[in-house]
Amino acid sequence: MNATIAALTARGLLGRRRSLLLIALPMVQLFIAGGIRLTGEVSTETSAMFLQTFALGAVVPLLGLIIGTGVIGPEIDDGSILYLLGKPIRRPVIAVTKFVVGAGCVALFGALPAVISGFILTGPADDLPLAFGVATLAAGAAYVALFLMLAVITRQAAVIGLLYALVWETLIAGLIPGAQRLSVRQWALALADRLTPEISVVATVGLTVAVLALAGVTVLATAYAGLRLRSLALAGDE
Amino acid sequence: MTAQGDAPAQRGGVIHDIGYRRYEGARLGRGAAVRALFSHSVRAAYGFGRPGRAKILPFALVLIMLVPAAVSVAVVTLVPEGTPVELIPYSRYAFFLQAVVAIYLAAQAPQAVSRDQRFRVLPLYFSRPILRTDYVLAKFAALGAALFGLMVAPLLVLYGGALLTDHPAGRHTRDLLEALVSVAVLAAVLAAVGLVIAAFTPRRGFGVAAVIAVYLLSYAAVNVVQGFTMSQGDEGAARWAALFTPFQLADGVRVWLFGGEPAGPVAPAAGLAGAVFPLVALALVLGCLGLMVLRYRRVGLA
Numbered sequence: 160m161n162a163t164i165a166a167l168t169a170r171g172l173l174g175r176r177r178s179l180l181l182i183a184l185p186m187v188q189l190f191i192a193g194g195i196r197l198t199g200e201v202s203t204e205t206s207a208m209f210l211q212t213f214a215l216g217a218v219v220p221l222l223g224l225i226i227g228t229g230v231i232g233p234e235i236d237d238g239s240i241l242y243l244l245g246k247p248i249r250r251p252v253i254a255v256t257k258f259v260v261g262a263g264c265v266a267l268f269g270a271l272p273a274v275i276s277g278f279i280l281t282g283p284a285d286d287l288p289l290a291f292g293v294a295t296l297a298a299g300a301a302y303v304a305l306f307l308m309l310a311v312i313t314r315q316a317a318v319i320g321l322l323y324a325l326v327w328e329t330l331i332a333g334l335i336p337g338a339q340r341l342s343v344r345q346w347a348l349a350l351a352d353r354l355t356p357e358i359s360v361v362a363t364v365g366l367t368v369a370v371l372a373l374a375g376v377t378v379l380a381t382a383y384a385g386l387r388l389r390s391l392a393l394a395g396d397e
Numbered sequence: 143m144t145a146q147g148d149a150p151a152q153r154g155g156v157i158h159d160i161g162y163r164r165y166e167g168a169r170l171g172r173g174a175a176v177r178a179l180f181s182h183s184v185r186a187a188y189g190f191g192r193p194g195r196a197k198i199l200p201f202a203l204v205l206i207m208l209v210p211a212a213v214s215v216a217v218v219t220l221v222p223e224g225t226p227v228e229l230i231p232y233s234r235y236a237f238f239l240q241a242v243v244a245i246y247l248a249a250q251a252p253q254a255v256s257r258d259q260r261f262r263v264l265p266l267y268f269s270r271p272i273l274r275t276d277y278v279l280a281k282f283a284a285l286g287a288a289l290f291g292l293m294v295a296p297l298l299v300l301y302g303g304a305l306l307t308d309h310p311a312g313r314h315t316r317d318l319l320e321a322l323v324s325v326a327v328l329a330a331v332l333a334a335v336g337l338v339i340a341a342f343t344p345r346r347g348f349g350v351a352a353v354i355a356v357y358l359l360s361y362a363a364v365n366v367v368q369g370f371t372m373s374q375g376d377e378g379a380a381r382w383a384a385l386f387t388p389f390q391l392a393d394g395v396r397v398w399l400f401g402g403e404p405a406g407p408v409a410p411a412a413g414l415a416g417a418v419f420p421l422v423a424l425a426l427v428l429g430c431l432g433l434m435v436l437r438y439r440r441v442g443l444a
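Going down the list, the protein sequences come from chains A and B.
This note's numbering numbers the first residue of the first sequence as 160 and each following residue consecutively.
This note's numbering numbers the first residue of the second sequence as 143 and each following residue consecutively.
To be clear, the hints were calculated from the coordinates, so they are not data collected in a lab.
The reader is advised that the hints may include incorrect statements.
Quick look at which bits of chain A chain B covers, simulated, 3 or more residues with Cβ under 8 Å [to be verified]:
1. 198-207
2. 227-238
3. 241-248
4. 264-274
5. 287-298
Pair ranges (Cβ atoms, derived) [stated by the list, open to error]:
6. A:Ser239 - B:Asp376: 19 to 29 Å
7. A:Ser239 - B:Gly302: 45 to 55 Å
8. B:Phe238 - A:Leu197: 28 to 38 Å
9. A:Thr212 - B:Leu305: 14 to 24 Å
10. B:Asp376 - A:Pro336: 29 to 39 Å
Here a beta-carbon is modelled for each residue, glycine too, at the ideal position from N, C-alpha and C.
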């Protein structure tokens with residue numbers, strides 16, 4: 160961890176128009192949760208469905224994409240990463256710092272709104288909101304690490320990440336159940352499933368596998384990003 | 143010194159004729175410039191005329207679009223006679239693979255307009271005899287054509303498969319033609335929305351995120367609202383929610399035009415009320431193009 164890099168990364172992420180998008184995503188989520196709450200009685204299944212499809216299925220992958228690529232992508236794009244890499248700071252430290260800032264942002268813009276919208280839907284008694292808070296945080300951290308790694312590897316990080324999140328996790332996992340074993344979303348669902356035993360969140364992987372996989376992906380992706388930063392080649396602009 | 147006396151005359155300068163020529167060929171004018179911009183943009187949307195790296199992604203997405211069609215044809219060909227297997231319906235193919243189409247849009251819409259802004263070549267375009275409106279329309283038509291190609295290619299595979307496996311040719315031809323119209327509507331809606339977002343976000347990476355965010359949020363929001371209102375037994379609300387996501391909006395136009403099964407969970411309203419779908423689609427396209435023209439009034443000077 161390096162406080163200066165963390166501060167610079169956070170400023171780059173939260174400054175300008177990028178922050179508008181980061182704020183708009185959870186706002187839409189809260190708005191729809193409020194709308195559903197106002198129109199009628201909300202069953203626990205509906206709340207779980209909402210958190211599963213909207214928070215975990217759309218907002219968190221999007222946040223992972225915007226934040227994960229946003230912590231390092233623009234710097235690589237405009238070449239200013241050279242000034243950072245030129246400093247005597249270990250490259251893995253840079254990767255870890257950027258990951259931590261990104262994970263913090265996911266907690267702020269993804270997990271916290273998931274908990275709040277869960278409370279809006281079910282009321283404070285239920286443990287569903289907190290379960291999904293944990294699940295979205297874990298999934299968000301894994302997405303940030305993955306997208307951070309992709310951003311270091313390739314300029315097309317956003318699109319490749321989208322192919323994974325939309326085509327693999329949604330389309331292919333819907334058709335071929337085996338694909339769900341390699342899905343951040345399914346791992347996070349297994350986590351939520353365990354934390355709220357009375358809810359019928361359908362998870363296809365076991366808890367142990369899920370926790371190990373989430374932790375493994377997060378750690379390995381960040382580590383590999385750090386490794387790749389040691390020999391980063393700046394390609395010319397396309 | 144005499145040399146000093148001569149100097150002012152020499153400093154006055156001599157213009158050497160080094161052989162520059164005026165351009166004396168035909169000046170092709172505005173129409174040709176717009177057509178050139180259009181064809182250049184269509185080619186660029188598939189990576190032609192650009193380095194190999196830029197070709198990988200569009201080609202990969204086209205390939206992914208083709209796989210289900212090829213599998214569908216293969217299944218229909220290989221199963222024994224009399225098994226109830228049908229080809230994927232043309233009209234719902236793009237809807238079924240909408241994630242791929244959305245990713246293509248997110249990748250290529252910023253490619254089409256953000257680069258011109260970022261590398262500051264717009265002043266060069268606008269110093270030619272094209273209007274800002276021409277630029278916007280050419281980019282819109284180009285991205286629309288590229289999206290149309292992406293979505294139609296698998297339909298042609300399905301159609302070829304249908305003809306080769308003794309499906310009724312008449313019905314399939316009619317279905318294909320209907321699908322072409324609805325795919326054109328969808329391509330127009332997507333291109334307009336994607337371009338207007340990309341035009342306001344000159345950084346390419348951010349443009350990709352913004353386009354996909356709008357798509358994914360509208361998709362998830364409409365799905366959640368439809369699921370909830372359907373479970374409450376309120377079909378009306380679910381029906382109108384379809385207006386808020388591009389794929390269901392275009393599908394509503396198709397159902398209004400040709401009838402048939404809706405791709406979404408609810409059929410749009412029949413008759414006059416269903417005409418809201420084409421009207422909203424038209425208004426959306428025109429509104430987005432109008433916004434882009436406004437945007438280019440100022441951005442071109444930068």
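Are any of the numbered hints broken by this structure? If so, which, sorted upward?
Of the numbered hints, 3, 4, 5, 6, 9 do not hold.
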